[in-house]
Amino acid sequence: MDDASSFVSLNDLRKESTLTIMEYMAMNKDEPSVANLAFNVFYERFSSAFMVTCEKVCGPFECLYDGLAEVIFNNAILNAYLKAGQFNTTNKDSQKVDNDVKKWLYGIANTEMYIELRKIKASANLSIVEDILVLESNIDHEEPLIAECYEKEILEQALETLNDKEKGVLLMCYQFSEDGKNIPSDVIDRINTIFNIKEPNRRQIKKRALEKVQQQVNYLLSKTKPKK
Amino acid sequence: MSDLKLIPGNLDNLSEFELRLIKSFRSNGYLFPMSDEEIERFEDCHKKEIRSAISKVPSADEILNRGRIEKNWTLSTQVDEEVSQNMAQAAREGKTPTDALKQKMLDDRNKSKNK
Chain H
1 MDDASSFVSL NDLRKESTLT IMEYMAMNKD EPSVANLAFN VFYERFSSAF MVTCEKVCGP
61 FECLYDGLAE VIFNNAILNA YLKAGQFNTT NKDSQKVDND VKKWLYGIAN TEMYIELRKI
121 KASANLSIVE DILVLESNID HEEPLIAECY EKEILEQALE TLNDKEKGVL LMCYQFSEDG
181 KNIPSDVIDR INTIFNIKEP NRRQIKKRAL EKVQQQVNYL LSKTKPKK
Chain E
1001 MSDLKLIPGN LDNLSEFELR LIKSFRSNGY LFPMSDEEIE RFEDCHKKEI RSAISKVPSA
1061 DEILNRGRIE KNWTLSTQVD EEVSQNMAQA AREGKTPTDA LKQKMLDDRN KSKNK
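Protein sequences, first through last, are from chains H and E. Position 60 (the first sequence) corresponds to 60 in the numbering used here; numbering is contiguous. One gets the numbering used here by counting positions in the second sequence from 1 and adding 1000 to each.
Just so you know, these hints were derived from the structure itself, not from any lab. Keep in mind that this is a model prediction, so the values were computed, not measured. Keep in mind that the hints are not guaranteed to be accurate.
Among chain E residues calculated to face chain H with C-beta under 8 Å, some are [claimed, not checked]:
| hint | residue |
| --- | --- |
| 1 | S1024 |
| 2 | S1027 |
| 3 | G1067 |
| 4 | K1071 |
| 5 | A1100 |
| 6 | K1104 |
Within a straight-line C-alpha distance of at most 27 Å, the following computed DSSO-like cross-link-like pairs (lysine-lysine) qualify [to be verified]:
| hint | chain 1 | residue 1 | chain 2 | residue 2 |
| --- | --- | --- | --- | --- |
| 7 | H | K96 | E | K1047 |
| 8 | E | K1048 | H | K15 |
| 9 | H | K83 | E | K1056 |
| 10 | E | K1102 | H | K212 |
| 11 | H | K206 | H | K165 |
| 12 | E | K1048 | H | K167 |
| 13 | H | K15 | E | K1102 |
| 14 | E | K1111 | H | K165 |
| 15 | H | K206 | E | K1102 |
No residue lacks a Cβ here, since even glycine has one placed at the ideal position from N, Cα and C.
Use the sequences and the hints to build the structure in full.
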C-alpha cells in the first residue's frame, strides 16, 4: 500500500472540512504520517482557543496545582488525536461541527482535570483508584431556559469577594457536577481532601461563597441600573 | 464520568441565580463551556487572548513527541487543624459565637491571609 502522506500535503488538508480532518486523525494507527498532518491542521484550528480556556479554567487552582493548565491542555489535545475515531456528530453545518469538536474537547479536558484531582488524593497517601478515561463523543448539553449571563466584569468583581478556598470549592463543585446539581461522592471526597475540610464544612463554604457572590452581583447590578 | 456514583444526599436544589451563575462561569472561562452559546460567548469575550495564544502554544509535533505529561501534585496548602477545629466548633454548636471565639476566628483569618 502506498504511503498516503506522499500524496496528501498540509496545504491540501487545510482545505478540508473538520470532519474529514477528524477522519484522517482517526487513522493514527494505520497511517500515522497522514494522521500527524491532519493533527497539525486540527491543532491550527482549535489549539489557541483551547489553550486560553484551559488557562482560564485552571487559573483559580494554580495555587494548588502549579502548571495544571499546561498538563490539561497537553493531555486533552493528545487524547483528541489518539481517540479521534470516537468523535461523531450528526451536524453537517461546519460551524456546528466545529462547536461539537470543541464540546468534545472540553469534555476530555474535564475528564483530564478529574484524573489530576484523583492524583492529589494518591499523593496524600490515600486510596489510589485505577484511571478510567471516559471520552464522551456525543455531548448533548441541554440548555436550561434561564436569563442571560452576567457580564465578565461583574463576575470578576463578585469572585474577588471570595478567598481562595471559597472560590476553589465553589468552582470545583460546579466543574465536576452534572449540570451543577449532582456532585459525585468521590469528587466531594477529593475536594474535601484538597481543601482540608470535612463534608459539613464543604457545604457551608459553598453556601457562604454563593451568598457572597450573589450579594455582590446584586449590589453591582443595582449600581448599573438607571435611576428613575 | 460515568464510572461515578451519584448519591441522593448530594442533591442540591439550584436556584435561578445559581443556574445563571453556572452559565456565566461557563461563558466566561471559569468552567469549560458546554453549549454552542457558551462557546461562542467565551470566544467573543476573549478574541484578543485567543489571537495572542497562537504564538504561545507548543507546536503540534511537540505535543505528539512529548506524549502525556505525568505530574505528581503536592498539596501546597498546609494542614491547619486549629482553624478547622474552630470552624467546626462554631458550626456544631450553632450558637452565637462568644467574643473570645470571634477573636480567635479573626486571628485565624488574619493568620491565613498572612500565609
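Tested hints:
1. S1024: Since the shortest Cβ distance to chain H is 4 Å, the answer is holds.
2. S1027: Constraint on S1027 (chain E) satisfied, holds at 5 Å.
3. G1067: 7 Å, holds
4. K1071: With Cβ-Cβ at 6 Å, under 8 Å, it holds.
5. A1100: 21 Å, violated
6. K1104: Constraint on K1104 (chain E) not satisfied, violated at 17 Å.
7. H:K96 to E:K1047: 19 Å, holds
8. E:K1048 to H:K15: With a Cα-Cα distance of about 25 Å, the restraint between K1048 (chain E) and K15 (chain H) holds, given a limit of 27 Å.
9. H:K83 to E:K1056: Holds: K83 (chain H) and K1056 (chain E) sit about 25 Å apart, inside 27 Å.
10. E:K1102 to H:K212: 20 Å, holds
11. H:K206 to H:K165: Satisfied, since the Cα-Cα distance of roughly 10 Å is no more than 27 Å.
12. E:K1048 to H:K167: 26 Å, holds
13. H:K15 to E:K1102: Violated. K15 (chain H) to K1102 (chain E) sits at ~66 Å, over the 27 Å cutoff.
14. E:K1111 to H:K165: 14 Å, holds
15. H:K206 to E:K1102: Within the cut-off at roughly 21 Å; holds.
When each numbered hint is compared with the structure, violations occur for hints 5, 6, 13.
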